[in-house]
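Undergrad: Now for the letters of each chain:
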Amino acid sequence: MTATLTRSGTGSAHATTADDLERLAAYPHVVVSWVADDGFPVSVATTFQTDATAGIVVLAAPTGLAIPTDREVGVVGSHIHPVPGGYDERRYLQLWGRVEDGSRFTPSRAWGWDEAEMPFFEYSERSVPQSRRYLKQLSAEKGRTIRPRLSPFWLALRTTRLPFLSATAVPVLLGIAVAASHGAFTWWTALLTVIGASFAHLAINVTNDIFDTLSGADDANPNPTQFSGGSRVAVYDLVSIRGLVLLAAGLYAAAAAIGLVLVVVTESITLLWIGIAGIALGLAYTAPPLKLVYRGLGELAVALGFGPIMLLGAYVVQTGSLAWEPVVLSLVPGILISLILFVNEIPDRAGDAQAGKRTLPVRLSPNVVRTMYLVGGIGAFGVIVVGVTGGLLPWPTLIALAAIPLVLRVHQGLKVHYDSPYTLMAVMGANVNVNLIVGGLLLVAYAVTIVAMQLS
Amino acid sequence: MGWLPAPVEELLDVALVGELTVVGRGGRPITHPLIPLYHSGRIYLHSSTLFSKKLEHIKREPRVALSISDPVATKGNPDRVTIQGTARLIEEDPHADWERLILDLWRRKEPSIDDFLKVRVALPLFFERSVIEITPERCLFWAEGRTDRAPVETRAPAREAA
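Protein sequence lines, in the order shown, are assigned to chains A and B.
Following this note's numbering, the numbering of the first sequence begins with 1 at its first residue and continues without gaps.
Following this note's numbering, the numbering of the second sequence begins with 1 at its first residue and continues without gaps.
Treat the hints as calculated values from the structure; they're not laboratory data.
Beta carbons are placed, not taken as given, at the ideal position from N, Cα and C, and that holds for glycine.
It is possible that part of the hints are untrue.
Unchecked claim - Derived list of chain B stretches under chain A, where covered just means 3 residues or more per stretch with a C-beta under 8 Å from a C-beta of chain A: (1) 14-23; (2) 48-54.
As the list claims (entries may be wrong) - For each label pair, taking beta carbons as the anchor points, the in silico distance ranges come out as: (3) A:P84 / B:R88: 32 to 42 Å; (4) A:I399 / B:S112: 39 to 49 Å; (5) A:L322 / B:F116: 46 to 56 Å; (6) B:E9 / A:R98: 33 to 43 Å; (7) B:P7 / A:G102: 25 to 35 Å.
Sequences are here, hints too, so could you generate the full structure?
TA: What follows is the structure, encoded as structure tokens:
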């Protein structure tokens, strides 16, 4: 990473190299600048030639403006490509040095950015410390706190990572569906289950951000995407750590309160233990001392939490007891949701490694990660086949096998985009869809099963 | 409204990019490509707090220069100009000031900014911005971009100079 940042395309100042002169030669003209005796900068465009061997730039001396030889001079090449509505292909290169004989420029320092080498989003992420520093200085100047803001709606969505609730919806609705197929369904306890499980999931999301911010894992990650890298609300100073702690506590309290109501209503000690296990697992995911995700056990924790715990919890709320069918079925969303985490950890792996967060993609080679994804994805469908063959799952659940090509597509995408966080986003999105589509197909299968039972 | 010659105002009205030179520590000239906006004789630039080192330099030394030099960024207009002036930062509220002051000017030149604004939640710090207001004091104009010829120099009337 350090070697990369010494190049001129990456926004880092460094001693001039032959590479800088080769890059400058690609610009059609340069702007030469210096600070005049009156204190104003002067800048003027001119043509030039580079001599990489001699390490110099020969400037065409502008008429009427003598480039000074007694002070530092800047030479800048800048490029954009206009497109409808704006422009792209942004790049620029600034050299500093001295001029002799009015035109012979010898650079000593260089700095620049090329969005083809460092995407704008990464460049922005690497600049977050500068923003925080500047706003702190500005606050001191103005005598009041100036922080970045978002509207309450977007801030809530970003802070809790609300869209990830789809991961909770699948196992909870499946648990309710299995119970309904067993003749047990109460709409208001089902609704409370969905709400309580959602609060628990959001609490875990916020807790995860607290500990990833405190450990430095989020700070160390320059390539967050909409699927990975956390909410970053604390990194951006949109919300304080204290605010996140209060929010997480509130969400946990709401989840626990709803859980206790359901325990009282169902009179099920099993449900109480499932709820305790779920909250304990959620905390242990990132919180010390266990920090499961830091030890490569995040996928296992997620598989248990979003598989058996969510699905069985929803089932027990409706039926008051356990059964083998929901146990077997819970393995499907458990595996698929753990694979969401597994893939989403891929772009985070450099920052995670730096912060000591030894996730599976940090520990394993890309080939092993891809193979594990394929085995896991196909394994989820294998559970359905075995479940149906063994008489534990209704045969309509085989309809979910229609989603196998999606797993193969994600696997292929991992081959192509493994090292490119931003192009990997489409693959991560497709992987999220695998769980949603399989979950949706399984819900359809249970709806068919329930209707068939009522007709027979 | 302003004193800048008409060809210079035309350049400012169309340019997608200009080169702002500020004075860094030790008198080092530091140049940043930025989109220039022009209204009522004043030039407006803006900077995210992410890329705010230039703002720190302007606070130390408000004398700046803006060049418009690239015909690719001026719809083929080959003229070139350098405008020296004094910069003032407007940043009482970096979240909202720029929207009130320059968003209309910005979107007129770069309509795609509205697409970015729609996903402000994805780029919250990019939209925490300071406005750089430049009062022009001296203008060097090169017709046809011929910097091998002496520029036409114009200065602000005495009452306009900052």
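Undergrad: Each hint needs a verdict: does it hold in this structure or not?
TA: The hints, checked one at a time:
Check on the stretch 14-23 of chain B: 6 of its residues sit with their Cβ under 8 Å from a Cβ of chain A, so the three-residue criterion for coverage holds. A stretch counts as covered by a chain when three or more of its residues have a beta carbon under 8 Å from one of that chain; for the stretch 48-54 of chain B and chain A the count is 6, and the coverage holds. Taking 32 to 42 Å as the suggested C-beta distance range, the pair P84 (chain A) and R88 (chain B) conforms, at roughly 33 Å. Remark: the range hint 39 to 49 Å for I399 (chain A) to S112 (chain B) is upheld by a beta-carbon distance near 43 Å.
A beta carbon spacing of about 51 Å between L322 (chain A) and F116 (chain B) agrees with the range 46 to 56 Å that was offered as a hint. The hint said 33 to 43 Å for the Cβ distance between E9 (chain B) and R98 (chain A), and at roughly 36 Å that hint holds. P7 (chain B) and G102 (chain A) have their C-beta atoms about 28 Å apart, which keeps the hinted 25 to 35 Å range intact.
Comparing the model with each earlier hint shows no violations; every hint is respected.
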